[in-house]
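Colleague: Spelled out, the chains give:
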Amino acid sequence: MTALAGRPAGVSTRRRLTDHVATVAAWAAFAAAAIPLVSLLVTVVTRGLARLDMTFFTSSMRGIVGAGGGAAHALWGTVLVTLAATAISVPIGVGTAVYLVEYGRPVLSRLLWFLVDVMTGLPSVVAGLAAYALIVMVVGPGARSGLAGAIALSLLMIPVVVKSSAEMLRLVPTDLREAATGLGASRPAVIATVGLPAARPGIVAGVMLGVGRIIGETAPLLLVAGFTDSLNLNLTTGRMATLPVYIYSQWQNKGADQAAYDNRAWTAALVLIGLVLLFSLAARLLGRLLAPTSLKG
Amino acid sequence: MTFELALRAPELTGAGHGRDDTANHRLAVVGLTASYGRSPAITEVSLSLESRSVTAFIGPSGCGKSTLLRTFNRLHEVTPGARVTGAVRLDGIDLYDPRVDPVTVRRRIGMVFQRPNPFPTLSIRDNVLAGIRLQYRRLRPSGADELVEAMLTAVGLWDEVKDCLGRPGISLSGGQQQRLCIARVIAVAPDVILMDEPCSSLDPVSTAAIEELMVNLGRDYTVVVVTHNLQQAARVSRKTAFFTVAGAGEPGRLVEYGDTAGLFSAPSKAQTADYLAGRFG
Chain R
1 MTALAGRPAG VSTRRRLTDH VATVAAWAAF AAAAIPLVSL LVTVVTRGLA
51 RLDMTFFTSS MRGIVGAGGG AAHALWGTVL VTLAATAISV PIGVGTAVYL
101 VEYGRPVLSR LLWFLVDVMT GLPSVVAGLA AYALIVMVVG PGARSGLAGA
151 IALSLLMIPV VVKSSAEMLR LVPTDLREAA TGLGASRPAV IATVGLPAAR
201 PGIVAGVMLG VGRIIGETAP LLLVAGFTDS LNLNLTTGRM ATLPVYIYSQ
251 WQNKGADQAA YDNRAWTAAL VLIGLVLLFS LAARLLGRLL APTSLKG
Chain X
1 MTFELALRAP ELTGAGHGRD DTANHRLAVV GLTASYGRSP AITEVSLSLE
51 SRSVTAFIGP SGCGKSTLLR TFNRLHEVTP GARVTGAVRL DGIDLYDPRV
101 DPVTVRRRIG MVFQRPNPFP TLSIRDNVLA GIRLQYRRLR PSGADELVEA
151 MLTAVGLWDE VKDCLGRPGI SLSGGQQQRL CIARVIAVAP DVILMDEPCS
201 SLDPVSTAAI EELMVNLGRD YTVVVVTHNL QQAARVSRKT AFFTVAGAGE
251 PGRLVEYGDT AGLFSAPSKA QTADYLAGRF G
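For the record, the sequence lines run as chains R and X.
Residue 145 in my numbering sits at position 145 of the first sequence, with consecutive numbering throughout.
Residue 94 in my numbering sits at position 94 of the second sequence, with consecutive numbering throughout.
It is possible that some hints are incorrect.
[To be verified] Pulled a few chain R residues facing chain X out of the computed Cβ check, cut under 10 Å:
#1 Arg16
#2 Leu17
#3 Ala87
#4 Leu176
#5 Ala179
#6 Ala180
#7 Thr181
#8 Gly182
#9 Leu183
#10 Gly184
#11 Ser186
#12 Arg187
#13 Val190
#14 Thr193
#15 Pro197
#16 Ala198
Everything labelled a hint here was simulated from the structure, so no lab data went into it.
Cβ coordinates follow ideal geometry from the N, Cα and C atoms, glycine included.
Could you build the full structure based on these sequences and the hints that come with them?
Modeller: Here it is in structure tokens:
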């Protein structure tokens with residue numbers, strides 16, 4: 001005790017100084033990262049509030065050239081296209097992850113992992129071109145639809161879902177796999193009752209990351225979903241507006257009343273951020289509702 | 001006394017039940033070699049296990065006794081690169097016959113692992129029923145309650161957990177978890193129960209409870225226990241097999257197999273005597 005209590009000041013001066021420097025450096029790094037983010041959020045909120053009214057959510061841009069109008073068509077387009085892309089990506093992504101972890105043969109698995117890695121870095125405009133090529137083959141040249149946009153976006157979302165699901169499936173303890181296998185469970189039963197429940201948080205996280213990745217995409221949607229001033233709720237036919245494309249077009253093709261177009265673009269950006277928030281909350285809630293409480297018989 | 005309930009349990013699981021109580025559940029190993037990749041972990045084992053009794057596998061670390069045990073329910077082959085040659089016969093049927101489904105084998109030969117491994121997302125009750133549900137067997141709702149009570153009683157856990165069956169299985173102590181895992185195994189009414197060092201992660205009191213349970217299980221099931229604890233082998237088993245290994249990278253071999261009492265008091269091989277005397281291993 002006495003040895004530890006002795007000379008308290010001698011050692012601690014330098015140590016305290018180092019501690020201070022490190023603390024200041026950490027805070028500075030945090031501030032450098034946070035300032036642009038906060039500034040962006042403040043700008044979007046203050047400029048976006050100007051047009052955050054009911055009309056913005058209820059009317060489209062059909063027949064509007066100056067003030068007024070809204071983004072109802074683009075909001076619905078983004079919701080529909082994102083939901084459709086999620087509906088395509090989750091089964092394919094989870095299925096691929098199950099194959100990679102549970103069934104994959106060494107060579108084929110490595111090849112698949114490589115492809116998934118490549119797809120993660122896929123430029124979004126290339127995904128758009130791929131979807132365009134597909135729809136030209138099926139429907140004909142010049143065709144545009146929300147579904148084509150969803151297909152393009154799912155190309156970007158699938159690798160995200162595959163990676164996060166596979167990573168969680170790999171973490172399932174061997175103990176539990178053997179427990180289920182030893183009890184006479186077939187391989188699909190082991191996957192369904194031990195593997196997938198354990199991978200559920202990974203799947204939810206993958207969906208959230210994936211939605212975040214695709215919801216702001218502009219280039220592929222501009223290519224294959226096109227742009228329109230009218231509301232279109234049919235995914236399979238006709239052009240469909242989406243919020244990022246709406247922002248782009250409001251900014252790019254301003255009419256005489258420039259402020260009205262600027263304001264609409266800022267409000268659409270604010271709504272888009274709000275939508276991302278809603279989607280991640282919904283994914284979390286869904287994940288919790290699907291939580292396994294018992295094995296199904 | 002309590003264990004008689006477990007005997008009646010097969011009827012509780014309802015129709016389509018596979019257990020035939022007139023069968024011997026006799027397990028025989030013929031010229032078995034099990035390897036990981038190219039290197040055999042245990043080689044040329046032939047022995048015939050006595051039915052409805054406890055057999056202990058003892059030997060130094062790395063002698064392949066756990067690997068041998070895992071060939072009995074075809075769990076060894078789940079490891080990538082693992083291979084088995086030779087035969088394991090249950091009541092005369094070779095379990096490695098290409099026509100035999102490994103899933104069926106595992107339904108007739110249950111296993112208790114070294115570390116207690118109840119399913120973490122399931123309640124105590126659902127852990128007992130897990131095997132039945134994993135096999136997609138149907139169960140009357142009242143039958144489920146009876147079965148849960150019978151199985152937990154059989155493993156001596158009922159009085160401790162009857163008021164908290166809905167709590168997660170992993171909330172129990174290590175010894176209780178291991179007994180829960182045994183309840184889970186006997187709930188599917190296997191013919192043979194394999195135990196891979198079931199007490200190695202437990203305290204002495206829990207170990208004593210599990211050992212008592214092993215003795216009881218041995219009256220109705222063919223039980224095989226791998227253990228590092230020689231006293232445990234002496235206490236619970238009727239027959240003992242001693243395995244050893246010449247050195248690292250060498251395959252394990254069966255040295256001696258016989259009545260536990262005889263093997264411990266008068267081993268016929270020098271290696272066995274040396275091991276029992278603590279001169280190696």
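Colleague: Against this structure, judge whether each hint is valid.
Modeller: Structure-based check of all given hints:
Look at Arg16 (chain R): its Cβ only gets to about 44 Å from chain X, farther than 10 Å, so that hint breaks. With its C-beta approaching chain X no nearer than about 47 Å, Leu17 (chain R) sits outside the 10 Å limit, and its interface hint is violated. Given hint, Ala87 (chain R) at the interface with chain X, is violated; its Cβ is 26 Å from that chain's nearest Cβ, farther than 10 Å. Annotation: interface hint on Leu176 (chain R) holds; nearest CB of chain X at approximately 6 Å, less than 10 Å.
Hint status for Ala179 (chain R): holds, given a least beta-carbon distance of 4 Å to chain X, under 10 Å. Here the hint on Ala180 (chain R) is kept, as its CB sits about 6 Å from the closest CB of chain X, short of 10 Å. Hint on Thr181 (chain R) holds. Least Cβ distance to chain X is approximately 6 Å, under the 10 Å limit. Restraint check, Gly182 (chain R) versus chain X: the minimum CB separation of about 4 Å is within 10 Å; hint holds.
For Leu183 (chain R), the suggested interface contact is upheld, since its CB lies about 4 Å from the closest CB of chain X, less than 10 Å. At a threshold of 10 Å, the smallest CB-CB gap from Gly184 (chain R) to chain X is about 3 Å, leaving the interface hint in force. Given hint, Ser186 (chain R) at the interface with chain X, holds; its Cβ is 5 Å from that chain's nearest Cβ, closer than 10 Å. A hinted interface residue such as Arg187 (chain R) counts as satisfied when its beta carbon comes closer than 10 Å to some beta carbon of chain X; here the least separation is about 8 Å, so the hint holds.
A distance limit of 10 Å between C-beta atoms decides the matter here; for Val190 (chain R) the minimum to chain X is near 8 Å, and the interface restraint holds. Nearest Cβ of chain X to the Cβ of Thr193 (chain R): about 6 Å, under the 10 Å cut. The hint holds. The interface hint given for Pro197 (chain R) holds, since its Cβ lies 6 Å from the closest Cβ of chain X, which is under the 10 Å cut-off. Because the beta carbon of Ala198 (chain R) sits about 8 Å from the nearest beta carbon in chain X, less than 10 Å, this interface hint is met.
When each numbered hint is compared with the structure, violations occur for hints 1, 2, 3.
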